[in-house]
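Residue numbers (the numbering used here), protein chains in the order written: chain Z, 1 to 829; chain C, 1001 to 1607.
Hints are computed from structural coordinates only; laboratory data are not their basis. Please note that a few of the clues may not be correct.
[Claimed, not checked] Computed cross-link-like contacts, DSS-like style, restricted to lysine-lysine with a CA-CA straight-line distance of at most 25 Å: (1) K1308(C) <-> K1267(C); (2) K1311(C) <-> K1229(C); (3) K1374(C) <-> K805(Z); (4) K352(Z) <-> K1491(C); (5) K805(Z) <-> K1491(C).
[As the list claims (entries may be wrong)] Here are the in silico distance ranges between beta carbons for each label pair: (6) K501(Z) <-> S1456(C): 46 to 52 Å; (7) R1373(C) <-> G771(Z): 50 to 56 Å; (8) R1222(C) <-> Q89(Z): 51 to 57 Å.
[Claimed, not checked] Computed list of chain C residues with no C-beta within reach of chain Z, every gap over 10 Å: (9) L1143; (10) R1224; (11) E1258; (12) M1377; (13) A1444; (14) N1537; (15) S1571; (16) P1603.
Note that this is a predicted model, so its numbers are computed, not measured. Glycine included, each C-beta is placed from N, C-alpha and C at the ideal position.
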Amino acid sequence: LLLPRVCAALADPRQPGSDDTCLEKLLDWFRTLTEFDPSVKLLQDNPCLTEFITSVLALPEPSPSILSFTLRLAGILAASESRFQHLQQEKLLVMLFGGDGPLSSTVWEDASVRSGWVEGVHSMMQHQLALHFICNGGGMDVIFALQGDPSLFVASAASRLLVHMLILSAESETTKHPSTKDCDWPACAQMIIKHIEDSLQSNSASHVEQSLKLLTSLFGSCRSTWTEVLWLGIAKQIESFLTEKTVQVQHMLASLLLNMAWSPVFCESEGSFWALVTSALERLTPVQAGPLAVGLLRLYKCPQDVRIQALTVLLQPMDCILRAASQPLEHAGLLDESVSDPAAVESLLSSKSSCASLLCQTLAHLEKLLCLIHLPVDLPYASLLRSLVTILQFCNGFLSPTSPLGSTISRILINCFRVQRSALDVLAALSERIGCDTLIGSLFDVLLAYLESPNTSPTVLKKTFQATSKWLVRLHEVSCSNSQWQQTQKILEDVFLVLQKRLCSPCWEIRDSSLEFLTVLIKCLRDQDEFRQSLLSSEVPRLTENLLEDPESYVRASAVIAVGHLAFITYFAPESPVVGNQYNKENTVAKLQEILSADPEGFPRRAVISIFTKWLRQGCTGPLEDTEQFVSRVIQTVEYDLDWEVRLGGLELVEVFCSQTICQLGPPECSYSPVSSAITSSVHQNKLLQVFCRAKLFRFLFRSLCDCDKPVGQRACDILLALRGSFYPISTLKDSQEAGDSPAGPSIAWLQRTLRQGSLAQDFPSDGGNGVDFGDPESMLLALGTIDLEELHDELNKCSDHVEKSPQSLLQDILATVGTIEENEADCY
Amino acid sequence: FPEMSHLPCLCWGAGAGQDVGRSCILVSIAGKNVMLDCGMHMGYNDDRRFPDFSYITQNGRLTDFLDCVIISHFHLDHCGALPYFSEMVGYDGPIYMTHPTKAICPILLEDYRKITVDKKGETNFFTSQMIKDCMKKVVAVHLHQTVQVDEELEIKAYYAGHVLGAAMFQIKVGCESVVYTGDYNMTPDRHLGAAWVDKCRPDLLISESTYATTIRDSKRCRERDFLKKVHETVERGGKVLIPVFALGRAQELCILLETFWERMNLKAPIYFSTGLTEKANHYYKLFITWTNQKIRKTFVQRNMFEFKHIKAFDRAFADKPGPMVVFATPGMLHAGQSLQIFRKWAGNEKNMVIMPGYCVQGTVGHKILSGQRKLEMEGRQILEVKMQVEYMSFSAHADAKGIMQLIRQAEPRNVLLVHGEAKKMEFLKQKIEQEFHVNCYMPANGETTTIFTNPSIPVDISLGLLKRETAIGLLPDAKKPKLMHGTLIMKDNSFRLVSPEQALKELGLAEHQLRFTCRVHIQDPRKEHETVLRVYNHLKGQVVLKDYSVQHLPDGSITVESILIQATAHSEDQGTKVLLVSWTYQDEELGSYLTALLKKGLPPSTS
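Just chain C, same shape as in the assembly (with noise of 0.2 Å):
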């Protein structure tokens, strides 16, 4: 314990390099078992888009085997596969994300579908119907929030920074914890804070490793760069477009144009295509305590996605002559509206496309990132881009300081990399391990990593065992641990430490005596009884047994406490006796002192 496990991701890459990869990680945590994340892979459009949760429990439903699902954030690569395997492959169990998470995941889902739909030939993806039944399922908890999942498991939201709603989850069971981070960012930026979370000391860290090694440069820099080169276009007259994912970035960009515009007092028209942004923005203003501090402040006076400059789009638009900055979705340039703008616009030098995020092989996005300036259209069309080609990165991960930071911040007992390039996964976890001195662990995809802990299980003790103890006059001492006998009752997941007596009673069992014997053989021809009389003499002669009560009873025996000696002739040699000695274990001390004794001999015989 605990036990994790990297889920299936058919594709074998060395992480998320160049590869938006999916997120899907199985923790298993004192019995209980977490699905982390649920992502899917954009790069492709058949059965490898999704992970291959078939590897998950090979006899048995997952329903049955899974406690509960972790969302960390909206981005498809950590939730996108979830309608999927809720309504299709059956899990029925509960998910939990954060409240915004839970509002704005089935639009990007939705956004998604809508480009999956449009590609003929899609099968097997989930329907509208399923987005909603599976968005019902799940549970919104708030941040710092404990849930508890059930009697045992427990989880907590922490702010993550990195999207709108994003947050990393404590996962707990009894003493034992996980903290997996998702996405964060330990930087606030323009409309997000940095992430936190508390000295919590878990067992496990499990920490995404996006930027490894990258110290990266500061936010700003970019940003300017990007009114810079939307400002030149639009002064020369020409056409920005900016092809987005209906929420996240956008939302972002957004406001840096509108505070951009209003400060330079421009004039060209900004758009957003899609019906959706009004929901977007909706939800943004909804969840303005997710945000950073001064949005937070400056919405006293005015709410910052309350947007006076951008407006809605009307494909029509996109002829009209001048200058003018559109956001549109999808945010690839798969299909849809923005590439219909991109191949409106593409011809003309003066026009510009920015892409703020990543784009898979197998879209015109993809194609023009990485150079190509000649595409093949429908109908054995050719277009030719002029226009110029912007790629802006925005994203918001953590880079080695910010994981640093946060490792120093929770005090994790073992750190997991996952989600980064395996080369600079390697040198963070040799920094890791030498500053922390902790285990650091990167398993490849499909590697299970299993941590060993050392629980501390509290027992409870009762009070009758409490009370003899201290009877015998021991105070509890922090300082002086000692020792104490009881019988130790495992029951319903919980200990206690009782009395032999009252275990029994309440276990209803009956008492066995334990008793140790021994036989001493002595030297001695007289007569049993005169040898028993020896031996009685013998011992009420010794001053270490003076407070012990030595009785020599009329079958012959002798006792001392519940030490019993009795003496018989030896078969063979009648000048040797044997005496035979038993003791219950409570007397062991005394026993062992009493056959000690009697082995050295009975002293001569004074009569």
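For reference, chain Z alone in the conformation it holds in the complex (with noise of 0.2 Å):
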């Protein structure tokens, strides 16, 4: 009833023009729909939509917007062959997408309308019907055209469409398959082939790079065997670009080699293949030839000696910097001389212009290759360690070497941010390779030196303690192997006494970041005793609870995890190695509670409650009682929280207690798994619920179920379904059910029917009041096994806005919006 109305709508020129959203939402409906239906009973069912074309061909003047949506819905809908049908018939898609439609009109210099077009016929090519109408009608021509549109988005468009109609075409319609040089390729993807031919060999630097543009995407996307002999007849041109250097498209050259040797019909081939990428890593410059480098690197069916000479591109910069800083004979580069000559990477290192970028590029991809779980090569992984370490040096001024390339470099890179960054992330990523350890001791140097200095940066500062925090790790496992346990200590006294330093910066990203370092080196190391006395015989500590009361918000957070992990190490741990009384642990939880129920801000709060869970599920509440009376504190402050997070949390600490508990209590056989197994016994039972009763959690659960924010209510819910598993064993939960006529059956029916009305439930009652006795543990079972909540977390389940994004929704809304369009255009939030 709505469409044939929308559709009068859009098509009436008088009325102002839909908004673009709904318009691509209502294009989303029909794609969905056509999708799963090729019939033409759509067409035949709604003739509005029909009547919607013609009546917008018969505009004289269509909106561009309405045109390029007309379009786009006629793509969609000729997708299937007899609804394209039926359109030809009406002679609809020739007057659309035929030389005399929208094409010869003005409004084909909007470049939606273009864009329209392109969709439109992208949709519908999914047969040979449209190829051949494509084919036939002159449309060839506009495509080719549009691949130099001044669109980036037609263009882009158009190039995406050709390769997918050279696919549909030469692998559906083909009857001899093209396997040899002179096949008959079908009419279509010969037109497409034969521009792309011509195309390559014009001097047109524009049209070239259209060609390769698409071809590299057709080689990324189509692996059968055709696709070589397409190769075969344009190798030849290709590998001129490289030689002759005539049109300037080399930039181009790497990518589609790269996804030529990803695909298998090269990639096992003999020969010329393969001595065209071995060229093109010779002959392109450093920094073209680096992204195909990378990608060989991870190729494993890559040729061994093809191999080597992309590891050589790839490391020449870093052999090159090895070089430049050493004296001669002292360390040998990277790099055996005889594959490498390193003449243009030292001339590009040697200009401030591209010194940074080809250094940022090379690290770029080793990092890339690094972090490959499985690498298809073995990295000289010392060497590059003492290279990074290098090109740190030469950033914050701590080598100035002699040599002319040295000094030049060194000029060129101090105080380069862009090349510390990328350098720290490739040494982080090096910590998991390496097995050496001589380097150690220079690269904690210059690791230590940059979280010194005041001239780093707040990033370059994050990735220093990202990378020291690995290495870290790293040393702790060499010295556990060489013993080298002095070493290991004064490195981490080192580190905390620069800690101590960068926690009092006034600038919050930088004791933020500081924090954070101390939480994930606590996470890592806080078995080990060198650790733990190097830490807590520092002034970090204290220095972190003091953070507590920082102004920045992200800071007091970051300071409670911290604070929460430090907990581990001193009265957490079974055999705490703090003296004095130091580390009041009741001082700290009342510090914590504290910021949950004071603090102004959400992110310290949504701190302490995942810390307080942490500690819950490490077991460090204490006993049962003492836990029960925690998560019942906890409960009642995060209950009314303003931050949603806040609550879901006290949500998830909730389920913790909960298994926990019944883990406790219940049967012996239950082993710590998420609530399932159901408790027999009514002694336990009681027991537990009792504890729950106690502890004030229904009252929270029921209440969270009402939550004007979903994901509290989704989450109370399935906690409350997992207990009702526990104490209702699913046989039982009928009869249960039945039995209403408890002292409590009146009350619990009020809570179902209060439930039902979710996040509009007025007066959510209290305990003691007329209500439910949240505190009564018989009415929490019956209402456990009354209510329905298989319904509420269906209800639930639903996003919030699904009411709103149905079609039904969509088209009530541009109907509506049609109507009353008024000026209230153009404002944002």
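Now that you have both chains on their own, put them together as the hints suggest.
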């Protein structure tokens, strides 16, 4: 009923244009509708759709956005052969996509119309009929021209369309498999291939680029054998771009060759393809060849000699750095001189405009490789580490070598944040790989210098922290094996000394990163004696506690997390090395409680609740009675919190508490797993219910079901369902639900009604009122059994905007907007 | 150069008309790439909400390609995609914004994240930790502070009005510059001042043009209207709901109501529903210098952001009888508290909801603004909206008059209009071109505009060369430009003009002599040495050459300064002698003169 009215409204030129997002969503809807039903029924049942297209076509001056919408809609509808024919019979497709349609009118100047045309064609391009329609109707030339469209979107959509059409044509139209050079390509494929060949031979860089782009995406997406036949026809031409350089398109060759290398069609071929790749690695500039090299190194099927060549390209800048920094003969570089000619790289590194970008690119590639779990090549890790340390020393002015290249590079790199950041990233990634420990001393010298230096920018400092924490863990492993305890101890002391200073930085970003660093260290190294001793004998714990009162909420939150973790090595540790009453557990808990109840901002409160949950999980909250009190106190604090994530955190705490308590009190066969096994013994059941009631968790859970923030309600419902599963084995549930004549029955029925109102519920009852007694185990048992939690669960699990997102709602919105549009334009939030 | 392209927005909207789009502009200026704003589209829940950054660079990392990102102000259509860009797409370079924007931006991002998480099925969205990590990468800047991004690229912020902390940015590389306005407002309002930029004559001014043709009615009228409506509703015992985003409009309306309540001595309570208010108001207090003069003046007596009448809201208050005014988040009635209160109050015709901002499709706010009065709610319930629904725009953009005013202030050489409706922009474009005689562009989304400039490139001249030139006796005179010869050395992005000798020395090159030669045929049957003697005498007799040293060398050749003349007999015709004249390029004038002279032939022999 709505659709005809919407169609009529959209086609009415007197109505002001509709919101673009509405039209986009309308197309989304049609796309899903047509995807599952290829029949023509949709058009027959809804004649308004063809009427709409007809009336838009009849408009003397259609608005670009409506015309674009119509083109795309028609394309979506024409995706099935039957609907295509239906639209063809009405001559609609010719009028929309043919030469006399929008193509030849002034609206074509509007990019949105051209985009609509390309997208429409792309959508319909699912069958041969569409292919012939476009090929025979002069559409190909339009698409070829659109590859060079001034709009980035149209140009790349046209390129994607050609790839799609080529694949469609080559794979389904072929009668004779095109496996030989002079095969018969189907008509459409032939047109496209001819176009590619012609433009590759043209002298226009932009035409060549368009074709290279097309080939790149073709080889990236299609792995059929016919691609090789296509390639054979153009290989010579492509090769000439490398050797002759009359057209400047070298920068595009790397990604083309890489996509080919990843295609089984080419990577398993012998000879010529790999020879071309090798030649590209030699002839492209280091910056152009870098991405190709790193891509090849990730490839398992790459021939060994190509791999060595690629490795050479990748490592050459690092090699130059090492050689530039060292006295003659002191260190050999990374590479064997015989395979590399460093002149090009050296000249790039000694130029101010290219040095940093070449290094950053190389470092990024190295990081990418190091992050792979299985690396097909062995990198020279020790030399890499040395060159990274050298780069970092150049950057902070610690190294000013005498060689001309070295002194030039060091002058360029000093204080270069970009290179520092990239080098530190690689350094962190390298920690996972390396086995050698000879360089650890100088590595930490550099890291500490960065941590100390006032010139280190906050972002660089953060990366230094990340690298340091990784290497400290590594250092620990190394010192375990070679018992270099003293070195480790010294480094740790130095690190904490610097950390002390950084915790007092005037810059909140630095204080925050320092706290995050501390937390990471504690997480990784809390079992190590030397670590604990160095940490506790420093001022770091005291300063961390002070930061609980930081003016910046992000910092307070990080301080809470750090203090929470510190507790694991102070009062929660079984053999706590603490001396004196410096670390008072009650004090800390009270401080965190205070933050939870009084901090004006959400982040610190969220941090506290997450730490409390962590403590509870790790069994740090003492015996059951203490834990019960603790949980009860926390619940009462967070129940009314304004921040939904704090309330959600509270529910998580409750969940952990429930499963732990059930495991403690429940049958012995219960393992530490989510609440699952039913509690059969009524003694246990009573005891459990009493604990939960005393901890006041039922009121919190039921109240949360009515929370105005959906995730809270969902979580509470999940927990209640799990609890019910524990108290009511599935077989007994049915009977108990019918037991409605208990004294608490009416109040539970009322609760059920209230919960159905969801977030609109008024006056949620508190204990002792005339409503429900949340502290009474029996009532609660009844509530668990009676209330239809499944229904609530289903309701809560719908998106909060599921109604607004429905197609019906969308159609209503379009209609309503079209009717009443005012000048409430262009306002933002 | 500079090349600018409007970044990928998959929505092909005609602009900001009905479409709260995202701002994201890429500018290339003298080899530096700068991204201006990184906004999100609130109308979508999928990939389309963020710009498609893969268009920026096909191969290579964004961090390597972009030199910096600049955020003009805290509205989500200008900064909403930033955590996605820096933490999920992986941009790791510098990000600049003003101090208030840096402080307020995360609050709004957090607010929005909450809404998306609330809607089930939302994936690919940033987390709280990502917002924080992103903010830690931000470098905050002061107004009028020149920030050196790297050795060549510098940026400077100017006051833009619009919202607290909004700034226009000048981006400068060498002598070329671009000014990006972001959103701005040329008339001061209740809490902010007017935008201002100095006469920096940029090569290009990129201006928003949201209200391209509208000459807006005064904001005062809209404010009076707003107060009247609130007052009337409260007087008849109704409740007023104002859905807002935590920051921005909310504070402005709070000041408005606070002063009105004070003046009218009203008693009905005003509540603000969110826990974020305190922080938000805190920032308004902290950044008092960014507000307008009036607020700053009154600050001495009383801080305008310490509200006497506005109190924190508890959800139980919604069910209380009697009049009240409640500010609740979120602003489009998508979910959460504002929607909850709306559902409770909608059925009563005495109540009113005032929407102070635009709402995207797919929200309850959008539905009621488009006039729908029967809304389907969860569980197939129908909610009948009997309460009054009002839309009031308080947004502060420059209108056509304001845009012209800014162009007059900055005196750009080119103007580029963004963020507007094509038709209106076309009108404004013509006006700008007529009045200021500058080119005005209005590219569609995804289109690149290239602007050519004539950069004046400073060149250093070596002292030696200058001295030599002045030694010739010509003192520099600005009115009489003169030609100066030298060698231009371009190295490390600097240009120097030095004497050729110095250039050779610096570059370690050997000097090559360039000589021109010319053969002149003379009819003279005598022996070669006699011909030479005749030539020598002829030259000696020239008055023009009396200051030059003309020599007859023992080897039979003649020199006039660097010019060398030799004679040989013609191989086939002994009666013709060939004079070989050669000279260096420095003596080009003299050489030409001599060959011309000799070509005329020798005077008849006297002997």
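Here is what the structure says about each hint:
no.	hint	in the structure
1	K1308(C) <-> K1267(C)	holds, 11 Å
2	K1311(C) <-> K1229(C)	holds, 21 Å
3	K1374(C) <-> K805(Z)	holds, 16 Å
4	K352(Z) <-> K1491(C)	holds, 10 Å
5	K805(Z) <-> K1491(C)	violated, 61 Å
6	K501(Z) <-> S1456(C): 46 to 52 Å	holds, 48 Å
7	R1373(C) <-> G771(Z): 50 to 56 Å	violated, 35 Å
8	R1222(C) <-> Q89(Z): 51 to 57 Å	holds, 55 Å
9	L1143	holds, 20 Å
10	R1224	holds, 18 Å
11	E1258	holds, 20 Å
12	M1377	violated, 6 Å
13	A1444	violated, 4 Å
14	N1537	holds, 58 Å
15	S1571	holds, 45 Å
16	P1603	holds, 57 Å
Going through the hint list in order, the structure does not satisfy hints 5, 7, 12 and 13.
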